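Undergrad: Residues per chain are reported as follows:
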Amino acid sequence: MGDSTGEPGSSMHGVTGREQTFAFSVASPIVPTDKTAKFDLPVDSEHKATVFKLFSFAKPHMRTFHLSWISFSTCFVSTFAAAPLVPIIRENLNLTKQDIGNAGVASVSGSIFSRLVMGAVCDLLGPRYGCAFLVMLSAPTGFSMSFVHDAGGFITVRFMIGFCLATFVSCQCWMSTMFNSQIMGLVNGTAAGWGNMGGGITQLLMPIVYEIIRRCGQDLPDGNRSALEKKGEVAKDKFGKIMWYAVTNYRTWIFVLLYGYSMGVELSTDNVIAEYFFDRFHLKLHTAGIIAACFGMANFFARPAGGYASDLAARYFGMRGRLWALWIIQTLGGLFCVWLGRANTLVTAVVAMILFSLGAQAACGATFAIVPFVSRRALGIISGLTGAGGNFGSGLTQLIFFSTSRFTTEQGITWMGVMIVACTLPVTLIHFPQWGSMFLPPSKDPVKGTEEHYYASEWNEQEKEKNMHQGSLRFAENAKSEGGRRVRSGATPPGNTPNNV
Amino acid sequence: MAIHKIILASFLVYLMIQFSHGATKERLFSDLEKDALDVTAKPSRQGVLDAGIDKLSITWKLSSTAKKQANFKTIKVKLCYAPVSQVDRPWRKTENELFKDKTCPHKIITRAYNKSSQSFKYTLDRDIPTGTYFVRTYAVDAKDHEVAFGQSTNEAKTTNLFSVQAISGRHKSLDIASVCFSVFSVLALLVFFVNEKRKAKLEQSK
Chain A
1 MGDSTGEPGS SMHGVTGREQ TFAFSVASPI VPTDKTAKFD LPVDSEHKAT VFKLFSFAKP
61 HMRTFHLSWI SFSTCFVSTF AAAPLVPIIR ENLNLTKQDI GNAGVASVSG SIFSRLVMGA
121 VCDLLGPRYG CAFLVMLSAP TGFSMSFVHD AGGFITVRFM IGFCLATFVS CQCWMSTMFN
181 SQIMGLVNGT AAGWGNMGGG ITQLLMPIVY EIIRRCGQDL PDGNRSALEK KGEVAKDKFG
241 KIMWYAVTNY RTWIFVLLYG YSMGVELSTD NVIAEYFFDR FHLKLHTAGI IAACFGMANF
301 FARPAGGYAS DLAARYFGMR GRLWALWIIQ TLGGLFCVWL GRANTLVTAV VAMILFSLGA
361 QAACGATFAI VPFVSRRALG IISGLTGAGG NFGSGLTQLI FFSTSRFTTE QGITWMGVMI
421 VACTLPVTLI HFPQWGSMFL PPSKDPVKGT EEHYYASEWN EQEKEKNMHQ GSLRFAENAK
481 SEGGRRVRSG ATPPGNTPNN V
Chain B
1 MAIHKIILAS FLVYLMIQFS HGATKERLFS DLEKDALDVT AKPSRQGVLD AGIDKLSITW
61 KLSSTAKKQA NFKTIKVKLC YAPVSQVDRP WRKTENELFK DKTCPHKIIT RAYNKSSQSF
121 KYTLDRDIPT GTYFVRTYAV DAKDHEVAFG QSTNEAKTTN LFSVQAISGR HKSLDIASVC
181 FSVFSVLALL VFFVNEKRKA KLEQSK
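Chains A and B supply the protein sequences, listed in that same order. Its first residue numbered 1, the first sequence is counted upward by one per residue in full-length UniProt numbering. Its first residue numbered 1, the second sequence is counted upward by one per residue in full-length UniProt numbering.
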């Protein structure tokens, strides 16, 4: 590349005009490729992949991706398996509307706690163990549904099955350790979206299964966590510390609320939509299941699309773009939800439902495109808290609007839409000193306005002396692209081969 | 752009079909002739009946006060929920519009109309849910529209009700299979964990 001293104008990049430009790869020259690492995919300095190759099973990055979303999807199938069969179950067990509503609340409440625990487990033991233990220990809860004979049993078992939704946290954490933050929106969105799709698959699958019965995996890119800890390459952290940094960051709590009204409403809708279409439009169980499935299955592209939209907005406007994208998408979702509640014919209801699903699910994708940037040290716990917030929002919504005779289901859906719009407003308050917020620009302070300061501030002086904060500094370096276009157009750091843009 | 116009047009046409459908469905329960048939439903034994096992003796005949019997073509006998079984269960709600009414979802028998007294011995279907019931017979005309009805209870639906207990749906084989699969799941996890510990030890000793 001629004289590679990095002087402005010396780069030969772009001369041939044939460099690839799509956002399935990291776009900024600021993120240098680590040429010494031996992986199938190009990686950055933390050995996170900078390219997302969907149809590959390359070890460890893409393999992790596929294992992650598949295990998360099966958990979604289990948690919402009862929902499309409620018209049958409510007669078998002689349930009232309150019982059905309470069971729906229970199905999402169990994982409030388990997602918090999983967050801590991911930070301390790694997502692989967390996922394996959770999935294998939740399996017996699914089997115990066969022992249920009354409302109490039904509610209890749905509560226990719901614990496995914590695989969401392990899935997102795992993706955050394996992929560079610039493509984080797309990667997290695809993994979680395809996982959430399980909620749609189950609506199709369960009526079919019922008909038939009626007539018949490495934790981190460089290796497993315990081995790396023993070699001293990964710092063993303390629960109390990471909990403190998670809880004292106000952004965590805003995301907890927001996710409660993107993911939360998605979970609530998974629980009520099949029964709603069955009762309101006098459809067969099968047909109601198919329509309900469309809601969940939209996750296949809606959530990744939300993540991608966030990544795209970040390329031009940095973190501010991500925040605006999130607000716009989630508010639109809320408005379509109101429309769904007011729709009187089947066709308008289906159209409104699909648009609502796109809005809500894309908002979920856009949320987890931002969450990995809130903290580096406490990523697991913050993901866990946010995920738990989703479930809490779902439980609360189902309790208020869908468990009493005070609102008909269509009124409940309308009010749920109003709440979505209201609870999305706090995103305007999220401010990163180094990147700004929706209405405020980044801080001009030369020290406080840097990525290093933000991420290193999670470590105190003794920890910095032990160099425990090196991981955060590397992350800060790789996260500089969140400053948007003006940062990107800066000169290539000397000595590094610029990436294809 | 042409394809967009076609899609929009077909969408609008479909909407119009939907709206026009609504116009024909306004037949109301309150328009039907009340007590046109005298109906009795006698359970085979006292107490709560078991679905799939116990029987009901149902008889119906034309009432002396009936007026529209010239139109009667078929008699549909149905099992209906008493108000106590409809509380907090909006999917069983009584509505005046006949197509929306969910009071009587369970069909017992359909027979051609006959002036003389009719009877039927009904064994409760296995899928009847737990609840309190009465029997109603609808007299239907040649166009399959209800014209009159009679029921085994009074207008307030408080007398002559009977209770049914549904089947439990539990099987021993299912219970055993559940336990086996659960044990397998936990064992598989233990095997995985032990393997991991072994591998970590090997890595350390390297």
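Hints were generated in silico from the structure; no laboratory data involved. On a predicted model such as this, the values are computed, not experimentally measured, just so you know. The beta carbon of each residue, even a glycine, is placed where N, CA and C say it ideally should be. A couple of the hints might just be wrong.
[To be verified] With a cut-off of at most 25 Å between alpha-carbon atoms, the simulated BS3-like pairs for lysine-lysine come out as follows: (1) A:K238 <-> A:K466; (2) B:K78 <-> B:K143; (3) B:K199 <-> A:K284; (4) A:K97 <-> B:K102; (5) A:K238 <-> B:K197; (6) A:K284 <-> B:K76; (7) B:K143 <-> B:K172; (8) B:K121 <-> B:K76; (9) A:K59 <-> B:K206; (10) B:K197 <-> A:K284; (11) A:K59 <-> B:K199.
[Claimed, not checked] Quick partial rundown of chain B residues pointing at chain A, CB under 10 Å, derived from the structure: (12) A70; (13) P90; (14) Y113; (15) D127; (16) P129; (17) S168; (18) G169; (19) D175; (20) F192; (21) V194.
Undergrad: If a hint holds in the structure, say so; if it doesn't, say that too.
TA: Against the structure, the hints come out as follows:
{"no.": "1", "hint": "A:K238 <-> A:K466", "in the structure": "14 Å, holds"}
{"no.": "2", "hint": "B:K78 <-> B:K143", "in the structure": "19 Å, holds"}
{"no.": "3", "hint": "B:K199 <-> A:K284", "in the structure": "53 Å, violated"}
{"no.": "4", "hint": "A:K97 <-> B:K102", "in the structure": "15 Å, holds"}
{"no.": "5", "hint": "A:K238 <-> B:K197", "in the structure": "22 Å, holds"}
{"no.": "6", "hint": "A:K284 <-> B:K76", "in the structure": "22 Å, holds"}
{"no.": "7", "hint": "B:K143 <-> B:K172", "in the structure": "49 Å, violated"}
{"no.": "8", "hint": "B:K121 <-> B:K76", "in the structure": "15 Å, holds"}
{"no.": "9", "hint": "A:K59 <-> B:K206", "in the structure": "23 Å, holds"}
{"no.": "10", "hint": "B:K197 <-> A:K284", "in the structure": "52 Å, violated"}
{"no.": "11", "hint": "A:K59 <-> B:K199", "in the structure": "18 Å, holds"}
{"no.": "12", "hint": "A70", "in the structure": "31 Å, violated"}
{"no.": "13", "hint": "P90", "in the structure": "6 Å, holds"}
{"no.": "14", "hint": "Y113", "in the structure": "27 Å, violated"}
{"no.": "15", "hint": "D127", "in the structure": "8 Å, holds"}
{"no.": "16", "hint": "P129", "in the structure": "4 Å, holds"}
{"no.": "17", "hint": "S168", "in the structure": "6 Å, holds"}
{"no.": "18", "hint": "G169", "in the structure": "6 Å, holds"}
{"no.": "19", "hint": "D175", "in the structure": "6 Å, holds"}
{"no.": "20", "hint": "F192", "in the structure": "6 Å, holds"}
{"no.": "21", "hint": "V194", "in the structure": "13 Å, violated"}
When each numbered hint is compared with the structure, violations occur for hints 3, 7, 10, 12, 14, 21.
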